[in-house]
Amino acid sequence: RASSTVQGRERQSSVAMTTPTTFWRLAGMSYVQFVTRASSTVRAGLKEPAKSKAMAQESFSYNASKWSAGEQGDKVAVTALGKAGL
Amino acid sequence: AVAGLSPLLPPVPPLGSHQPPTMLALRRTLPTVSRRVSRCMSSAAEASDGSMTLNFNLPHETIYSEAKVSQVIVPGAAGEYGITADHVPIVAQLKPGVLQIMHEGAEAEKYFVAGGFSLTHENSVTDISCPEAVKLDDIDSAAVTSNYEAAKSAFSSAEAGSVAAAEAQIDIEVNRAMGAAIGLSLN
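Protein sequence lines, in the order shown, are assigned to chains A and B. If you number the first sequence the way my numbering does, the last residue is 86 and the count never jumps. If you number the second sequence the way my numbering does, the last residue is 187 and the count never jumps.
The following block holds chain B by itself, in its conformation from the complex (with noise of 0.2 Å):
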């Protein structure tokens, strides 16, 4: 529905709807205009502060719940994406990457997280579940390094297709996103 429509057009009843014809009759001669309007709203039209809540959990800490947070910016397998209040609902899967959780007025906080789902609900809550986020500057750049070097080499060495090649993969991608969080590169 577009707002701004003619009011002279008769009212469309929404979809799913089975009125009798007296019913649509009737509704012809209520004013259309404010019906057209609220439809257009994805939501009841509260007073909200422009603030969402976040739930932020790992199977082992609850790091986040029902706080009250500007914004996130959430590492989605398909691509990085930022909820802010009123965020169309979107359940995503997370690649290995940082999850940066603005707070009012305040520096981002950053979480590197191992993987994980986040679900945006229609009424501006966010639930994120990770098996594992760790704080950046918990990250050793040494072992990562380390840790990739090592990586690339079991993977040229495993059989391909194999699960240890696999799990070599996994060691490539999640130490190369470890280091970019903390600004290494490593190729």
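This is chain A alone, in the form it adopts within the complex (with noise of 0.2 Å):
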């Protein structure tokens, strides 16, 4: 487990150096994942209009396209996570 090579580097490696302490760690979850569902429960929280001046925040689309002999197609918006491979 002490040496790992640069190229098919297990993704456990570099978390099992240390035993992981925190609750959301033993889940599974990285930090930015925990202090972004923090920041989403704070959002909830919240009167209007704050509110909705927050939830901005939380909205994110994602535009897809394919790649063919170097050239970009065209980008197509990507509605669901699984329609995302085209």
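Simulated from the structure, these hints should not be mistaken for laboratory data. Every residue gets a Cβ at the ideal spot worked out from N, C-alpha and C, and that includes glycine. A few of these clues could be false.
What the hints assert, rightly or not - Derived DSS-like pairs: lysine-lysine, alpha-carbon spacing no greater than 25 Å straight-line: (1) B:Lys95 x A:Lys47; (2) B:Lys135 x A:Lys53; (3) A:Lys51 x B:Lys95; (4) A:Lys51 x B:Lys110.
Unchecked claim - Which residues of chain B face chain A? A few of them, derived with a C-beta cut under 7 Å, are: (5) Pro96; (6) Ala114; (7) Asp140; (8) Ala166; (9) Ile170.
What the hints assert, rightly or not - Heads up, incomplete: computed chain A residues facing chain B, CB under 7 Å, no partners named: (10) Phe23; (11) Ala27; (12) Val35; (13) Thr41; (14) Gln57.
Build the complex from these two chains, which are given one at a time in their own frames, with help from the hints.
Okay, structure coming up:
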């Protein structure tokens, strides 16, 4: 476990260096996922009009495009992650 | 180094200095008291008005940039602490809690932060970065109470150690902290 090759490095080896001690690490979450969830909870507890303004931070959208022969194809809005593979 | 050591003691060269023996001999003849006093101070003695500089940023908004404030009370994950001018450099992860910014001669300005990090540097500059920070007046006590109850039932019905249980636990802790910030006692 101590040595790891550059390619094909297992994801677990970087986390297994020390025993995870926070409940979110033990559940498999990263710090970013943890703090994003906490931010979401804060926004859910707000009054209007601050709530609508803050909820804008939560919205996200994806565009996907296919590349062929070095050329980028048309961008298509992704409505569901299952369809993101095009 | 402790101020008040006898000036008759030979000067101690600073750690990591490699000086030839002749230089050491010369140093013995120089007055030592003033150099011991200057080594006690953490930084150069510049005239300062006792205020610290605060940079408080969210991803979508800069709340304070190079603002002169007198004190900031930071909700560190390992404990709350206050920062004033000339504070020792410290880096802290923040827990969901209240950040208080004291301006000169005014009431403390409070924000509820969801998390983030606070970095205090040697020159009395503090950088605080949070993913979300809200004013306490914008917190809805009814929403916090109902979200707290929903999180408790989600936690009890979730599989132990799963992501759903962890998310419910985050909701419980954040709502409890928000309630405490506005004077609600949620259990």
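Consistency of the hints with the structure:
1. B:Lys95 x A:Lys47: holds, 22 Å
2. B:Lys135 x A:Lys53: Status holds; Cα separation ~13 Å.
3. A:Lys51 x B:Lys95: holds, 21 Å
4. A:Lys51 x B:Lys110: holds, 18 Å
5. Pro96: At about 6 Å, which falls below the 7 Å cut-off, the nearest Cβ of chain A leaves the hint on proline 96 of chain B intact, so it holds.
6. Ala114: At about 4 Å, which falls below the 7 Å cut-off, the nearest Cβ of chain A leaves the hint on alanine 114 of chain B intact, so it holds.
7. Asp140: With a closest approach of 4 Å, the aspartate 140 of chain B hint holds.
8. Ala166: holds, 4 Å
9. Ile170: With a minimum Cβ separation of about 5 Å from chain A (threshold 7 Å), the hint on isoleucine 170 of chain B holds.
10. Phe23: Because about 6 Å separates phenylalanine 23 of chain A from the closest Cβ in chain B, which is inside the 7 Å limit, the hint holds.
11. Ala27: For alanine 27 of chain A, the interface hint holds, since the closest Cβ of chain B sits about 4 Å away, which is under 7 Å.
12. Val35: holds, 4 Å
13. Thr41: At 4 Å from the nearest chain B Cβ, threonine 41 of chain A passes the 7 Å test, so the hint holds.
14. Gln57: holds, 6 Å
The structure fails none of the hints (numbered hints given earlier).
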